[in-house]
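Given only the sequences and the hints, what does the whole structure look like? Please build it.
Residue numbers for the sequence shown follow numbering that gives the first Met the number 0, so the first one is 0 and each next one is one higher.
Hints in this document: simulated from the structure, not taken from any laboratory.
From a predicted model like this one, the values you see are computed outputs, not experimental measurements.
Watch out, some of these pointers could steer you wrong.
[What the hints assert, rightly or not] Here are the simulated BS3-like cross-link-like pairs (lysine-lysine), alpha carbons at most 27 Å apart as the crow flies:
#, residue 1, residue 2
1, 173, 189
2, 478, 353
3, 122, 141
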Amino acid sequence: MFLKEIILENFRGFKNQLRIRIDQLTAFIGRNDAGKSSIFDALAIFFDHPLGKIEASDFCVHAEIGDKLRIGCVFSDYPDSITIDASSVTTLAGEYLLNGDDALEIHKVYEFSDGTLGKPKVKVFAIANHPQANGFNGLLSKKNTELKKIVEERNIDAGVDKRSNVALRQAIWKSAPDLELGRSEIQLDKEDAKSIWEQLSKYLPEYAIFRADRPSTDEDSEVQDPLKVAIKQAIEEVQDELEAVKEKVKARALDVANRTIIKLADFDRTLSSQLNPSFKSEPKWDGLFKLSLTGDDEIPINKRGSGVRRLVLFSFFRAEADRLREEHRKGNIIYAVEEPETAQHPDNQQKIIKALQAIAEADGCQVMLTTHVPTLALLLPIDSIRYVRFQNQNDREVCIANDEIINKVVSDLGIIPDKRAKVIVCVEGPHDLQYLRRIGDLLRTKDNSVIDIFADPRVALIVLGGSTLKEWVNQHYLKNVGLPEVHIYDRDELLNDGRYKYQEEIKIVNTRGDGSVGFLTSKREMENYLHIDAINEALRPAVSSDFTFTLTDECDVETEIKKQLNGRVKIQRRSIKHWLNEEAADCMTIERLKERNGYEEIKRWFTTIADKVV
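Structure below.
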């Protein structure tokens, strides 16, 4: 079956029911914590993937008592016929189990009660254009005796095979002057409704999810599981030889044991007569073999670079997914890949995207991926892109990309693919961009000549990522673009060698001689330019208290907040950094910024950028 749509309601950040169109290749792009991974997790729950376990915390925090958590999927290419039992063959259309678009729509629903799972067992429904006329609905959940009684009472049993529930239902429906077809929720838990779902479950696609936050070693299950299967298959092929080895070892061991007992009789004949040699268990041949991967130079994969490890692991992931599809006799497979760009050289990222496109074009395959790198998403067909964003604090929306949406994507996420670009602004993380967006808006309230780096097409913004920033700078990957760069990094704390974390990288940028400029913040991080009053004003409604720590240039603001919140890392499911760089930054004023001695320094960043676009 081919996945056409995903339906989410009251699942994590998705409060109101949302329908997401899925294609052969679908790329979800959005800011961190926008909900991209939640979509993948919802599918893992729907398809009963080992990584998909429903929990009470999966309910939307804004759901009301009595609301239900709903995860649905819409499929095309469903089976032409369904065999309920040895003698009953039917179709989904014939049972009125298709929706108004002639697609199969299945919802899994969990009840929500007092913040916990009211009933841990899922209820499965088909959303269908089904008979609603009195006396002609609910037939799929009736027993054979009940159906026979209906046809006999209506005198429509002539020529009907009363052993077949399918035939009985068809006779009843055909006798109706008007079935009053309409959207109905048909629970698939009783009689033939249950049997039909049991058969349909066999045709669901195999779902394989490759997460971004994984160790990527040869101990990972995606590596070990295929290798274990290979070992098991090889052992089965030489079972006769191994049986001979086992008997030979057994005979030799028993011989030694028997001779030992004979010698024991010289000391205590009674004790020796009570002893009988035996083996505790059969040998476990597969436990004797443990494989790891090494390269041409005998370097274990665990010691290779993170990018190489991730590529090797992804290959094993695909091999294991294909094996499971064959083992479960599934027709289709869905590959869900989180952030394929993770730990990859920029040049390699394009190759990965092309490889994923090729996989999506293979028969029976669908590929979904997530990313927060606009340049990566722009390598894909525009109609495959889904922009996941906050509609408001309580909900999300997923937009199908068009030119307008693409402009919003690149504007929101930081890279403007415009030939008019004159300067590239590089920051460490997405939170830095959110802070600069808000502080830039604030500076323009006093001086409207301050450049709007998010709206000006002459400025291209790039998030380098903390783990790859050094490589971007040292390798100068943006050199071929031919534009000067302005780098703004958090100073962070002093390292053991007496230097700051990115001090060397800033030095490299400033000595290039191509007009590039690098800044280290004079304070520890962007959050240290905030005012404590702005933080309290932003977070007070969420935490119902004020923070009393002293906000200095050197303190770890996030850690200080966590201490007062007794270790909480999120507020209303959003990271503290999220609150600081957005809500708290929104509460800053020129006076507060000057009081924190940040006005002149930050304005100098914007002035430097403006000088590069003239």
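### 27 Å Cα cutoff - pair residue 122, residue 141
18 Å, holds
### Task
Would you check the hint for residue 478 and residue 353, treating anything up to 27 Å between C-alpha atoms as holding?
23 Å, holds
### Query
Are the Cα positions of residue 173 and residue 189 separated by 27 Å at most?
Holds. Residue 173 to residue 189 sits at ~23 Å (cutoff 27 Å).
Comparing the model with each earlier hint shows no violations; every hint is respected.
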